[in-house]
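Engineer: Chains as they are written, first to last, in the working numbering: chain A, 1 to 529; chain B, 1001 to 1529.
Here chain A is said to cover these stretches of chain B; the calculated rule only asks that three of the stretch's residues, wherever they fall, bring their Cβ under 8 Å from a Cβ of chain A:
no. : region
1   : 1009-1019
2   : 1184-1193
3   : 1372-1380
Dumping the calculated EDC-like pairs for lysine to aspartate or glutamate here, alpha-carbon to alpha-carbon at most 16 Å:
no. : chain 1 : residue 1 : chain 2 : residue 2
4   : A       : Lys-277   : A       : Glu-302
5   : B       : Lys-1327  : A       : Asp-208
6   : B       : Lys-1035  : B       : Glu-1013
7   : A       : Lys-355   : B       : Glu-1013
8   : A       : Lys-141   : A       : Asp-115
9   : B       : Lys-1135  : B       : Asp-1240
10  : B       : Lys-1471  : B       : Asp-1502
11  : A       : Lys-22    : B       : Glu-1329
12  : B       : Lys-1471  : B       : Glu-1271
13  : A       : Lys-522   : A       : Asp-457
14  : A       : Lys-327   : B       : Asp-1208
15  : B       : Lys-1471  : B       : Asp-1446
16  : B       : Lys-1355  : A       : Glu-13
17  : B       : Lys-1340  : B       : Glu-1307
18  : B       : Lys-1030  : B       : Glu-1136
19  : B       : Lys-1022  : A       : Glu-329
20  : B       : Lys-1055  : B       : Asp-1165
21  : A       : Lys-105   : A       : Glu-123
22  : A       : Lys-422   : A       : Asp-518
23  : B       : Lys-1327  : A       : Asp-21
24  : B       : Lys-1055  : B       : Glu-1160
25  : B       : Lys-1383  : B       : Glu-1166
26  : A       : Lys-327   : B       : Asp-1021
27  : B       : Lys-1028  : B       : Glu-1136
Derived from the structure by calculation, the hints contain no laboratory data.
Glycine included, every Cβ here is placed at the ideal spot set by N, Cα and C.
Here is how the chains run, residue by residue.
Number of protein chains: 2
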Amino acid sequence: MYSTHLTPLMFLERSAYVFRDKTAVVYKDKRFTYKEFCARVNRMASSLRDAGIEKGDRVSFICRNTPPLLEAHFGVPLAGASLVPINIRLSSREISYIVNHSGSKAFFVDTSFTDLITPIKEELSTVNIYINISKEGMHKKLPGPEYEEFLSEGSEEHIEIPVEDENEVITINYTSGTTGLPKGCMYTHRGAYLNAIGEALELGMNSDTVYLWTLPMFHCNGWCFTWGATSMGGTHICLDRVDPLEVYRLIERERVTHLCAAPVIYIILSEYMKRNKLRLSHKVRMAIAGAPPPPAVIMAMEELGGELIHLYGLTETYGPHTICEWKSEWNKLPIEERAKIKACQGVSYVGFETKVVDENMKEMPHDGKTIGEVVMRGNNVMKGYYKEPVRTEKVFVSGWFHSGDLAVVHPNGYIEIIDREKDIIISGGENIASVEVEKIIYEHPDVLEVAVFSTPDEKWGEAVKALITPKPGTSPTSEDIINFCRARMAHFKCPRVVEFGDIPKTFTGKMMKYILRDREWKGRKKKVG
Amino acid sequence: MYSTHLTPLMFLERSAYVFRDKTAVVYKDKRFTYKEFCARVNRMASSLRDAGIEKGDRVSFICRNTPPLLEAHFGVPLAGASLVPINIRLSSREISYIVNHSGSKAFFVDTSFTDLITPIKEELSTVNIYINISKEGMHKKLPGPEYEEFLSEGSEEHIEIPVEDENEVITINYTSGTTGLPKGCMYTHRGAYLNAIGEALELGMNSDTVYLWTLPMFHCNGWCFTWGATSMGGTHICLDRVDPLEVYRLIERERVTHLCAAPVIYIILSEYMKRNKLRLSHKVRMAIAGAPPPPAVIMAMEELGGELIHLYGLTETYGPHTICEWKSEWNKLPIEERAKIKACQGVSYVGFETKVVDENMKEMPHDGKTIGEVVMRGNNVMKGYYKEPVRTEKVFVSGWFHSGDLAVVHPNGYIEIIDREKDIIISGGENIASVEVEKIIYEHPDVLEVAVFSTPDEKWGEAVKALITPKPGTSPTSEDIINFCRARMAHFKCPRVVEFGDIPKTFTGKMMKYILRDREWKGRKKKVG
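Isolated chain A, as found in the complex (with noise of 0.2 Å):
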C-alpha cells in the first residue's frame, strides 16, 4: 500500500507551499502569510522538542481566540503531541483537574488567566513547562518564557509530518456535560482530516474564503474550521473577544466570508445592526449551532443579508455532523415558512451517518411526531474519552455514539431536536419540551432571550417556568407572556411561572439550564425523563 495518513498537517504543508504570500492569520494590526504562519508552527513544534515534549504527549492550553492558539493546532501535533484546548471561563478547579488528568507536561497560558494557574500551579505536577501568552497591559505572569521568545529558540525548518498511524490522537477536548467531572474526547487525525474538509465541503470554502473566529478555538477545535480553513488556503480572521461592533467592523474591513456561533451571538449582532441600521454589504455564510436557533433569530440575520446555515453536533461529534442541507426549491418560500425548515438539525455530513431510535435502536418513523434519541456513527465520531473506558462504552452501545438529545424526524428524512433528555418537562404525565415552549415566547415582540425549565409543583409534579431577558428598552410583564402562549399552544404547555432576568450560559452559548433547574429543585428529588 502506497497510500498516506490522513492528517490536517498536510493541509498547512500545502497552503505554505502554494499559498506562500497569502495572509493566512490577521490578529489587530499583525497579519502572517501562510510561509509565516508554518515558519511559526515549526518553531513551536522544534521549541516543544527540545523542551522535552515527545511522541504521545499532552500540551495543555488556555488562550483566547489569538494566533497562538490556532498555531497550537498544527505545533502541538507537529511535535508529536495531543493538544489539549481549554475553556477560558473554567474555573481553577476545572482547569487543574483537566491539566492532571490529561498528564499534560507543557502548560501555555495567556496572561489574562495567569491568576487562574497561580493558586493550583503547586497541583500540576505533570507540568515541566510554562508558555506566558502575553496580553498588553497584563504584568503577572507564570514563572516561564514568553511566547514569542520560545517560538524565536526553535528552528523554522521543515519537520516531518511524525503521523504513524492516522488514528493517532490529535487533540483532546474536555466537556464538562452538566454533571460529573469534565470528559476528554479524543479526536484522531483521520477524523480531523476529514471533519475539516467536511466543514469545507458543506460551507462551499475555498481559497477565497475570510473566515472570522467569532467561535472559541478551544471549543471542539473551533469545530474543526481550524483545520477547514487552513486545509483551503483560507484567511483565518482572529477576534479576542465578541462585540458586536467590532464583528461587523471586521466582517467589513475584511471582507469576511464565514463564520460559527451560537444563536446568542446572532441575536446580539442582529440587534445592533438594527439598532443602527445597518447591513452587510457582502454575502456572509453564516454556520449557526450550539443550540436549537428560534425562527425568530434565523429571520432577523437573514433581514440583514446573513446566509445561516444551521449545524448541529456535540463535542463528542468533532462539533458539527447534521446539516439543513438547503434545497433551491425553498428559496421561493416566505421567510417564515424558510425559518421554519432552517430550524431543523437536517441530515449527516456526507460521510456521516444519523439515526433516531428507540431504547432498542430501532428507528422511529419518520412521522415529525415520534420523539426517540439520536444516535451517530461515522469518522467524525471521537475514538473515545481519554483514560474512561466505562463511560466510552456507555455512549457507543451497539456501536452508534448516543447523544441524549431527543428529535423527532420530519417527512422529508430531515431531523429535528425536541430538547435534551433531561429538558424535558414531565408535568401531569404529559412530555413538554423546552425547546418547544421557548420558541413560541421568542416570537414576543419584547424578548431578547429565554429559558423554559421545570419547577416542582405540589400537584402536577413539575410545572412550567421560564426565564426571560427582554430586549433593552421594553418591558413585558409575567402576565403578557402568560397569555402570549395561552393564545398559541395546549394550556398544560405555557409557563406557570415567569421570571426577567439574565439566563447563565457557557462561553460557547449553551444555555446552562441544569443551573435554573437545579436552583428550582434545591433538596428535591426531579425525576429524569
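Chain A is already provided as a structure; the job is to place chain B on it using the hints.
Structural biologist: Coordinates of chain B only, in the frame set by chain A:
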C-alpha cells in the same frame, strides 16, 4: 474504534435519502430521481448476487456514457465485486485480454459492441453471464438477458454496504500504455472516496451542480466524477456521443455547471461555437486534462464564457492529481498571460503529494528550467497493477509512483509538464520537448491540431516532424509553418518536415504519438530519451 469505512457507496445512500425527489440522472428523454437511481442500483446489486456474483469477484462493462455504466459504479461494488470498465475503442483482442486477465464473471455489453464480442466469446471462459444493454436499432445480442429485464428481476430493497476493509478494490481500470499489455490499475474504496471528495472540493461542486458527461466514464471512472457528482447530490447528464451541437444544446438546456474533457473536445466545441456565433449564457466550470492544453485553446474557450480548470494526472492516480490552483490576483492579467499560467499543471490536490526529481529521488530546483520526473504519493495513487507485482514494484520505486512524465518546477512551486519521457526528441544531442514545439505551432491561425514527433535523420540522429490538421477552410503550406516556427524559436527545434492530415487519438483525446513515431522508425531503432 467506532469510525466507519470510507467508501463512495455512502454517497449514494446519503443522496438518495436527502435528495430523494431531485433529478439524479438525465439521458435523452429519461429522468431518474435519486430515489429511482438508488433503487436501480440496488436491483443491479441484488440481481448480480442472484447470478452468483460473490464478494471479491470482477464484473466487466463495455458501454457508452449511458445510465447503466453510471449505475454500475455503485451497483457492482454494492454486490461486493470490482467493476472493470472497458474502453469502447479497444479491439476484440484487447477486450479479450482484459476480460480474461481480470477473470470477470459477468459481462455487460452495450449492443453497439456485440460484434466485437461475438468472435471472442469462446475465449472468455470466466464469464458466466452476459447482459445486453440494448441500443435502439441494434438487434444483435449476446445470449443473456436484457439490462432492464435483469434489473427488474432484482430487489430494490436496501443492501448493507459489504465493505469490510476500505482498501478493498472497487474498480480495476486497464490502461493501455504505449507498449506492452494493458495493466489493470486497482482503485480502492478509500481512494475512490477521497478522490471523489477532492473533485467536489477543487471544482466547487454542491447540490446545485449539473454535471455533463463529455468525459467517458470508462476512463478512470470518469476521473471519479461518477462518485463525486453523486456525493453532492448533483445531477448527471449522460451523453453517449460527443458532438459539439449536442454538448452546447445540453449545456444550455440543462443549465450545466461542470464538465470535463480533453483539449481536443474544447477545440471542437470552441470552433463550433465561434462559427455559429454562440456564447455560453451562464458560467460553466470546465476541467481540462489528458494532454497539456495549448494556451490558444484556453483563450478560445474562455472568450466564449467557459471557466477552464487545468488538471493533470494518470490512470494510476485515479485521474486528476494536480490542479493549476488559481489565484485571484491573476485575474487582473491579460488573457495571454493568464492562459500561459493556466497551461501549468500546478500543484497537488489537498491531501496529495507531488515532486519533480532526478534519478536519485533528489528534488529538482524550482527554477522553471531543470527537467525531472514527476513522482506522486497519497491516497489517490492506485493500490497497484492487478496481478502484476513486478510491474507494480517497478513504478513504485522508493515508495512514490513514477509517472514517466517530465516537468520543470517554476519558482512559485507550480509544475509544468515538458513531455512524456518517450516523446522527447534528441536531435544532435539536444533534447527537444515535442510539447514546446506544438505550443508554438498552435499559435498559427490555420492550425486546428498538431502532433510533433521524431523522424530518423542521417546527420542529427533524429529530426523534428509535425503532423497538422488545418482548420476547415484553410490550407497552410509546409513552408508557412516552418517559417512561422523559425521566427519564434531556436532553429534546431523547428520541424524539418511538416505533413497535413488526421492525428490518431485515443477516445479520451490523447494523441497516440507512438503510432506516428513507429511509422517513422519502422525497422530502425529509436533510442528512448
